[in-house]
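2 protein chains.
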Amino acid sequence: MERVRVTYRLACKTAEEARKKAEDICLEQTVEFPADLLPEPRTRFHENVIGRIEGAITAADGGETFLTTISYPVDATSCELTQFLNVLFGNISIKPGIRVDAFSVPRPLVSAMSAGPRFGIAGLRALLGVPERPLLLTALKPMGLSTAQLADLAHQFALGGIDIIKDDHGLSNQRWAPFEERVAACAAAVARANAITGRRCVYAPNVTAAPAECVRRARFARAHGAGALLVSPMLAGLGTMHELARDDSVGLPILAHPALLGTYVLAPGCGFSHAALFGSVLRLAGADVVIFPSWDGRFSFSREECRSIDASCKGTDGSSLPGVLPAFPSPAGGMTLEKIADMREVYLRDVAYLVGSGLFRAGPNIVDNCKLFLSMVQ
Amino acid sequence: MERVRVTYRLACKTAEEARKKAEDICLEQTVEFPADLLPEPRTRFHENVIGRIEGAITAADGGETFLTTISYPVDATSCELTQFLNVLFGNISIKPGIRVDAFSVPRPLVSAMSAGPRFGIAGLRALLGVPERPLLLTALKPMGLSTAQLADLAHQFALGGIDIIKDDHGLSNQRWAPFEERVAACAAAVARANAITGRRCVYAPNVTAAPAECVRRARFARAHGAGALLVSPMLAGLGTMHELARDDSVGLPILAHPALLGTYVLAPGCGFSHAALFGSVLRLAGADVVIFPSWDGRFSFSREECRSIDASCKGTDGSSLPGVLPAFPSPAGGMTLEKIADMREVYLRDVAYLVGSGLFRAGPNIVDNCKLFLSMVQ
Numbered sequence: 077m078e079r080v081r082v083t084y085r086l087a088c089k090t091a092e093e094a095r096k097k098a099e100d101i102c103l104e105q106t107v108e109f110p111a112d113l114l115p116e117p118r119t120r121f122h123e124n125v126i127g128r129i130e131g132a133i134t135a136a137d138g139g140e141t142f143l144t145t146i147s148y149p150v151d152a153t154s155c156e157l158t159q160f161l162n163v164l165f166g167n168i169s170i171k172p173g174i175r176v177d178a179f180s181v182p183r184p185l186v187s188a189m190s191a192g193p194r195f196g197i198a199g200l201r202a203l204l205g206v207p208e209r210p211l212l213l214t215a216l217k218p219m220g221l222s223t224a225q226l227a228d229l230a231h232q233f234a235l236g237g238i239d240i241i242k243d244d245h246g247l248s249n250q251r252w253a254p255f256e257e258r259v260a261a262c263a264a265a266v267a268r269a270n271a272i273t274g275r276r277c278v279y280a281p282n283v284t285a286a287p288a289e290c291v292r293r294a295r296f297a298r299a300h301g302a303g304a305l306l307v308s309p310m311l312a313g314l315g316t317m318h319e320l321a322r323d324d325s326v327g328l329p330i331l332a333h334p335a336l337l338g339t340y341v342l343a344p345g346c347g348f349s350h351a352a353l354f355g356s357v358l359r360l361a362g363a364d365v366v367i368f369p370s371w372d373g374r375f376s377f378s379r380e381e382c383r384s385i386d387a388s389c390k391g392t393d394g395s396s397l398p399g400v401l402p403a404f405p406s407p408a409g410g411m412t413l414e415k416i417a418d419m420r421e422v423y424l425r426d427v428a429y430l431v432g433s434g435l436f437r438a439g440p441n442i443v444d445n446c447k448l449f450l451s452m453v454q
Numbered sequence: 077m078e079r080v081r082v083t084y085r086l087a088c089k090t091a092e093e094a095r096k097k098a099e100d101i102c103l104e105q106t107v108e109f110p111a112d113l114l115p116e117p118r119t120r121f122h123e124n125v126i127g128r129i130e131g132a133i134t135a136a137d138g139g140e141t142f143l144t145t146i147s148y149p150v151d152a153t154s155c156e157l158t159q160f161l162n163v164l165f166g167n168i169s170i171k172p173g174i175r176v177d178a179f180s181v182p183r184p185l186v187s188a189m190s191a192g193p194r195f196g197i198a199g200l201r202a203l204l205g206v207p208e209r210p211l212l213l214t215a216l217k218p219m220g221l222s223t224a225q226l227a228d229l230a231h232q233f234a235l236g237g238i239d240i241i242k243d244d245h246g247l248s249n250q251r252w253a254p255f256e257e258r259v260a261a262c263a264a265a266v267a268r269a270n271a272i273t274g275r276r277c278v279y280a281p282n283v284t285a286a287p288a289e290c291v292r293r294a295r296f297a298r299a300h301g302a303g304a305l306l307v308s309p310m311l312a313g314l315g316t317m318h319e320l321a322r323d324d325s326v327g328l329p330i331l332a333h334p335a336l337l338g339t340y341v342l343a344p345g346c347g348f349s350h351a352a353l354f355g356s357v358l359r360l361a362g363a364d365v366v367i368f369p370s371w372d373g374r375f376s377f378s379r380e381e382c383r384s385i386d387a388s389c390k391g392t393d394g395s396s397l398p399g400v401l402p403a404f405p406s407p408a409g410g411m412t413l414e415k416i417a418d419m420r421e422v423y424l425r426d427v428a429y430l431v432g433s434g435l436f437r438a439g440p441n442i443v444d445n446c447k448l449f450l451s452m453v454q
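Those protein sequence lines, which keep their order, are chains A and B. In terms of this note's numbering, the first sequence opens at residue 77 and continues consecutively. In terms of this note's numbering, the second sequence opens at residue 77 and continues consecutively.
Be careful, since some hints might not be right.
No copy is singled out in the list; a pair is fine if it fits within one copy or between any two copies.
[Said to hold, decoys possible] Derived lysine-lysine pairs resembling DSSO-like cross-links, with alpha carbons at most 30 Å apart:
(1) K96 - K390
(2) K171 - K89
(3) K415 - K96
(4) K415 - K171
(5) K96 - K171
(6) K447 - K415
(7) K390 - K447
(8) K390 - K415
None of these hints come from the bench; they were simulated from the model.
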C-alpha cells in the first residue's frame, strides 16, 4: 500500500549524524519506543508501523543540512488529520534541527480524511462571478470601531468593487462590535451594495473561537448572509477549520489567517518550510484562501518564500496531494496598490490580493480607492 | 480597569530599536492599523484598544535582547481564550525576534474565560488518593500492539502501583487497537487490578482528534471507565482542550501532551519561553498535568528550562494568573528510574513522573518494575 512520504531537512554536520537522526525520527514518530525493546515479531512493527528511510540522504545548503525522505504507513495516521499531523511532526517538533520540507499523501488517505478545501480556486471564482482576474480582498478595521462604522466601511468597499471583505482577524466578539450584531449589519451592508452594483461581493466574518462556538458562529454567519468565513486555524485549531470546511450546514469558502502560525516557519532549522505549512497543511485542513505576509510589507518573508507558498497553494510545487483542490494564495501584511505590479510577476492571475490599510492611504475616498484597486488587476 | 500584561523579549541591537519594536507590537496586536490613519478621536483608541508600553525597556542577555512589558485592555480579548492568545502573540508570531517571556491576566478575565484546570494538584491528589508523594505515570506502547496486548500491559501497570496509565500519544484510532475497543478493554483491565490492589489507578486514553470527535471520544471514555484524558492541545486545538476541561459531561482530569508544540520554545528569539507556554498557556487552557521533556532524556530542554516550567505549572514563577489552579509538571521524554533522584531535586513532591520505555527496560517483570518505581518515590 502507498505510504505517506515526508522530506525532512536535518541540521547535521555529517551524513552519519543525519542517518542517525533520520533513524530516530522513524521510531519517534510512530512507536516512540527503543527498537531493541520491541515485542516479537519485530518485523511486524518494521513492516507495518515504523517509519522507513527512502533512498539516499543528501547534503543541502552547502553541506550545512541534509535532506531525508521518510515514509510512514497510512495506518499509523488513523486516517485522521490530527494524527496525520502528529506522525508528520508531533514529537520531533521538540527536537532541534528538524524541519518539514515537503510531504506527499496518497489518494486513499486524502479521501479518508476528507481533506482539502470545499471550493478551491475554480469553485470560489464561480461563486464570486470572477472567472479570470485576480480577486480583490480587504479587511474591516481597525478594532474599536462600532458596528455601524464597520458596516459603513463594508458598504463602501463593496460599492468600490472588492470581491471579499473580511473582518480584521482581531475582530471577534468585542463590546465595540459584538459578533452577531456586526455580522448581520455588515452582511446587510454588502447586500445593499450588491443590489446597486449587480456584483457578488461577499462578507467574510471572523469566526475564530473555541471549536463549538466557532461552529455556532459559522452557522449564524451563514444564516445571516455572510458569503465566506475567516478562521485563524492555529487559534481555533486546525481540526476546527477542517470541520468547518466539511460541514454541509456551513458550506462557505474559508479564508485561513496565519495568526500564531509564524513561529513554525521563522524558526531556523525547526518547524515547517513555508510551502509545507501555508500550502500543503492549510490546504489539507480546508483553506480555500491562504492569507500570508508577502515580501516588502510589514513582515519578513522573502520573495522566494512567497513564491514557494504560491506554488504549494496551487499544487505546482512537486508535493503530491491528489484530489486536494488548489487554493488562492492571498498575499497580505502591508500590501499597497503600488506593490501590485511587482506581486503580479510572482502570483500571476490566480491570486487574492489582500490590501487593508493600504486602501485607506491611497486617497480620501474609499470607494474611489477600491475602483483604482480594481482597475489595476483587470 | 486592570489590563493584561505581557513581557516580551525583543532581539534588538539598541534600546531605540527595541522601543520602535515595542510600539509596533502595541498596534500590530490590536488595531493592526497605522497610528496616523486612526479615525478621530484617536485618544479613544489609545485609551481603550491599543497596547501600551509599561515602564522602562531594559537590556537583558548581556545587551543582546531587551525586555518590554506591554499591557492590553481586557476588552480587546473578547474574554475568550482564542482571542486572548491572538492578542498575546497572533500576528507577531510572524515577526522575527519577538518572544513571549511571561504574562499576567487579571482575575475578572480569568473568570470570564473560565480558564484553568478543573482539578489542579490538590483535586487530582484527592481523586487518586495520593495525598503527598509524587504521582507515577506511564504510557501504553508501542503503537502496533493489539487491544488485548495493551489491556494486559495496563493491568500489569495498575497491579504494580502506577497512578495514571495513559495511552501513548500516538495511539488514536488505528486498526491495531481501535479507540472504543481499546478504551473499554484498558479501563476494565485497570478496574480489575484496582479490585485486587484496593488502589485508585486511572486510565487516561488519548482523545486527541478533530474537536467534535474529540468531545465524543471524551464522553465515550468517561462512560466506559476512563479516569482521565490525554490531549495534545496543539493537534486538537487549545480551545478544544479548554472545552473538554469545562464540559461537565466530561469532568475528567486532563493531561496535556506537547506534540507539535516544541517549535514555539525551540525557536531562538521567537515563540514563547518554556514557562509561558508549558506553564501559563497550557494551564489557562485547562491542563491538570503538563507533560514535557525533562533534561537528560531524548530531548533538549535544559535543567533550568525544566525548573522554569515547574515553577510556572505551580504558579510560583511570578506571573499572575489569579484563580487558576496549579498543575502537575510531568517530566518525560526518556526518563528512567535512575533519573528520579536527580529530578526530585528540581520537582520536589508535586510532580507526576512519566516513565514509559524506562519501565520496560528496568527488568523482565513489569509489575516488579512498577513496584520499584513506587518504592523510589515513597
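Original post:
Which earlier hints turn out false for this structure, listed by number in ascending order?
Top reply: Structure breaks hint 1 only.
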